[in-house]
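With the hints as constraints, model all of the structure from the sequences given.
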Amino acid sequence: MNDATYVQWSRYTQPVLILFGTFGAIFNQILFHRRKLLRTASCSLYFRVISINDLLVLNIVVFTQWLNDQFHFDLTVRSVWHCKIRTYATYCLYAISPYCIVLVCIDRFCRTSKYPRVRTIATLRTAHRLIFVIISLICSLYIHILFQFNIIEVACRPSSLSYYHFLGHFLIVFYCLLPPILMTVFSSWTLILLSSRRREQIKKYQIKTQLLRKRRFYRDYQLIKVLVLYVSTNIICTLPFSVLILLDVYQTNLVENPMLYIKYSVLLCNLNHCTSFFIYTLGTPLYRRELIRLIQSIRKRFRM
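The C-terminal position of the sequence shown is numbered 304 in UniProt numbering, with every residue numbered one higher than the one before it.
Hints are not guaranteed to be accurate.
Distance windows between CB atoms, simulated [said to hold, decoys possible]:
hint	residue 1	residue 2	range
1	R288	L247	39 to 45 angstroms
2	H82	P15	22 to 28 angstroms
3	R39	S136	22 to 28 angstroms
4	V77	H128	35 to 41 angstroms
5	I181	Q296	26 to 32 angstroms
6	W9	S232	20 to 26 angstroms
7	L239	V77	42 to 48 angstroms
8	I181	S297	17 to 23 angstroms
9	S297	L141	38 to 44 angstroms
As a list, the in silico SDA-like pairs of lysine to any residue whose alpha-carbon atoms are at most 25 angstroms apart [stated by the list, open to error]:
hint	residue 1	residue 2
10	K114	F170
11	K225	L271
12	K263	F166
13	K84	S297
14	K84	F63
15	K263	Y12
16	K263	L93
17	K263	T5
18	K263	K114
19	K84	I151
20	K225	F63
21	K225	L193
22	K263	V16
23	K263	F132
24	K84	V154
25	K84	S160
26	K263	P180
27	K84	Q70
28	K263	I30
The hints are simulated quantities; they were obtained by calculation from the structure and are not laboratory data. Treat the numbers as computed from the prediction; the structure is a model and nothing was measured. Think of the CB as a built atom: it goes at the ideal place given N, C-alpha and C, for glycine as much as any other residue.
Structure representation (structure tokens):
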């Protein structure tokens, strides 16, 4: 593979990702806001924040990447402050979605707990607070980028080799390893608790499994199903980037021209920000049913 092949891949894949991802994120916003069954779940607020972040990533970060790849239109090499702020915003925006997914995992874990005090954590009020805290923490953790990026040899890059190695280790820990580990731990634990809770309810009420669909329990089960699909997609899309960053930082020489392969892996990371709507639609009957009802309600309004 070479730069010409990468440019071709970028030319045809990124506009498609931006188009479909923007459509999906807007539909997610409408659906999670308008449908009461979804709106009242605390984890829906996290999904809405993820959709907003996806819109920003696709229409700011990915679009400017595409302009640079195809037309060499890069404002970061014309202004030092644009270099610093754009790089800082890029890293922060890429980090927000994974940690919001972690919050969803924790929210669903609390929601399925048998302890009432733990279940009270899974509320919309708590969700608003946690979102503010996690975004503030991410912006604080990545603040060093503003001081360490500069225009060097007509490119926006780290100001020193030592900082580049630090940034590589930083990304490995806080972007590549920590979010997937937390996602896996809490989502697996939640599935175990949910399975146990489901058996207890069936035994307690002595009703058929089909009747559980009419209970709020069914909604929680479907939202956890969405979560598992989301976590799996996130890990698949970010794993190649994680491995390549690791190889580049430790200079293993197992891959020739690692920076080129890192560019390809970033294209895959971008895919992660346009798949949410299609994961929900294809993965869960609850989401499909609410989407159909939303479309039907819109059609009735236009007929009136």
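Status of the hints after comparison with the structure:
no.	hint	verdict
1	R288 with L247: 39 to 45 angstroms	41 angstroms, holds
2	H82 with P15: 22 to 28 angstroms	23 angstroms, holds
3	R39 with S136: 22 to 28 angstroms	25 angstroms, holds
4	V77 with H128: 35 to 41 angstroms	39 angstroms, holds
5	I181 with Q296: 26 to 32 angstroms	42 angstroms, violated
6	W9 with S232: 20 to 26 angstroms	24 angstroms, holds
7	L239 with V77: 42 to 48 angstroms	31 angstroms, violated
8	I181 with S297: 17 to 23 angstroms	41 angstroms, violated
9	S297 with L141: 38 to 44 angstroms	42 angstroms, holds
10	K114 with F170	37 angstroms, violated
11	K225 with L271	20 angstroms, holds
12	K263 with F166	20 angstroms, holds
13	K84 with S297	46 angstroms, violated
14	K84 with F63	18 angstroms, holds
15	K263 with Y12	15 angstroms, holds
16	K263 with L93	17 angstroms, holds
17	K263 with T5	11 angstroms, holds
18	K263 with K114	45 angstroms, violated
19	K84 with I151	9 angstroms, holds
20	K225 with F63	31 angstroms, violated
21	K225 with L193	14 angstroms, holds
22	K263 with V16	18 angstroms, holds
23	K263 with F132	31 angstroms, violated
24	K84 with V154	14 angstroms, holds
25	K84 with S160	14 angstroms, holds
26	K263 with P180	21 angstroms, holds
27	K84 with Q70	22 angstroms, holds
28	K263 with I30	33 angstroms, violated
In terms of the numbered hints stated before, the structure departs from hints 5, 7, 8, 10, 13, 18, 20, 23 and 28, listed from lowest to highest.
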